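Visitor: The task is simple: from the sequences and hints, build the whole structure.
Residue numbers (this note's numbering), protein chains in the order written: chain R, 1 to 158; chain F, 1 to 158.
These are calculated hints, taken from the structure and not from any lab test.
In this text the structure is predicted, and so the values were computed from the model without any measurement.
To spell it out: a stretch of chain F is covered by chain R in this simulated footprint if at least three of its residues, at any positions, have a beta carbon under 8 Å from a beta carbon of chain R; those stretches are: (1) 115-121; (2) 127-138; (3) 141-147.
Glycine residues also receive a C-beta, built at the ideal position from the N, C-alpha and C atoms.
There are 2 protein chains.
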Amino acid sequence: MADSNMSDNIEAYLKQILQQANEVEIRRAEIARRFNVVPSQINYVIKTRFGAENGYLVESKRGGGGYIRIVKMALRTEPDLIDEMRQSLPEIVSFRTATAVISSLYREKILTQREGELLLTMLSKEALAVGDVAIQGQLRARLLQQLLNRLRFESERD
Amino acid sequence: MADSNMSDNIEAYLKQILQQANEVEIRRAEIARRFNVVPSQINYVIKTRFGAENGYLVESKRGGGGYIRIVKMALRTEPDLIDEMRQSLPEIVSFRTATAVISSLYREKILTQREGELLLTMLSKEALAVGDVAIQGQLRARLLQQLLNRLRFESERD
DNA sequence: CACCCCCTTGACCAATATTGACATAATTAT
DNA sequence: ATAATTATGTCAATATTGGTCAAGGGGGTG
Chain R
1 MADSNMSDNI EAYLKQILQQ ANEVEIRRAE IARRFNVVPS QINYVIKTRF
51 GAENGYLVES KRGGGGYIRI VKMALRTEPD LIDEMRQSLP EIVSFRTATA
101 VISSLYREKI LTQREGELLL TMLSKEALAV GDVAIQGQLR ARLLQQLLNR
151 LRFESERD
Chain F
1 MADSNMSDNI EAYLKQILQQ ANEVEIRRAE IARRFNVVPS QINYVIKTRF
51 GAENGYLVES KRGGGGYIRI VKMALRTEPD LIDEMRQSLP EIVSFRTATA
101 VISSLYREKI LTQREGELLL TMLSKEALAV GDVAIQGQLR ARLLQQLLNR
151 LRFESERD
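Guide: As structure tokens, then:
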């Protein structure tokens with residue numbers, strides 16, 4: 001029954017809960033105790049199996065009453081187009097390119113016009129004014145990557 | 001349903017009152033007694049959960065007949081509210097603070113939920129992963145400033 | 001055998017909550 | 001006026017969580 005691999009067991013345990021609810025909230029120390037592993041292994045499991053790439057959202061809080069919450073998101077109906085955009089996105093992205101990407105998303109009805117405008121505000125040169133222009137382009141690329149990845153899923157929360 | 005965390009309970013209690021009135025006035029010692037905590041913890045709750053980033057203003061008076069009053073900033077006109085949030089925004093902004101700001105904007109109907117989620121994606125640690133943590137906080141601050149700036153002009157057109 | 005990938009561990013770090021001693025302000029009594 | 005009383009404010013110490021990182025372990029693969 002039990003795998004020799006504790007990380008897989010912990011993953012299965014959490015996903016089993018997520019089959020019936022679309023979020024789990026745990027206390028790290030408690031889960032670590034239950035599976036008889038060191039607390040930081042919980043972080044390892046979360047980072048390797050519940051990342052944003054896999055459609056999960058993780059929130060946590062330290063200190064008294066701290067917790068880790070994993071929220072499951074649903075795959076969009078048409079993720080293929082978004083995937084292609086992600087894969088063809090360069091390492092360094094100019095504001096002009098970013099505008100083109102956002103426009104495409106708007107044309108495809110994946111973003112509303114206002115959503116696009118707000119996001120472009122954050123992708124502007126003024127917002128991303130960091131030392132080097134190349135670094136600015138890298139940063140813009142990462143912001144877009146994160147956005148595209150997020151758009152592959154839809155939130156199920158209120 | 002009671003959190004193991006008293007500060008959250010006190011926050012919830014106050015916000016529940018604020019759902020029906022747009023301000024609440026308390027006697028610190030009385031609330032402290034009711035929740036069985038030390039009086040200064042009330043100050044902690046107010047400072048961490050009812051600041052301007054969260055859309056609240058706090059007035060108080062000491063001595064006989066003293067009180068603490070929490071007022072929703074929604075009473076003000078929209079551009080002023082946004083201005084106050086901008087001015088009270090620190091130079092370095094954590095993701096937690098950013099979440100508080102976005103939540104406030106959502107609560108005031110200035111952003112939709114989805115807009116807030118997409119913007120938070122770009123304000124996340126993963127998106128803004130740059131060398132230093134301080135730099136990351138500065139960057140996040142600038143992104144938020146840009147956003148608030150844009151939203152202010154938007155609201156002025158009404 | 002050499003290598004690589006993934007898992008596991010623990011030392012150290014960071015964030016949040018709680019408490020209490022002491023300070024400050026406003027009101028009331030003398 | 002002054003003192004006593006009644007409130008809230010500040011700050012630093014301590015407690016209570018989760019986060020990061022780098023080193024080591026173990027099994028499969030070329």
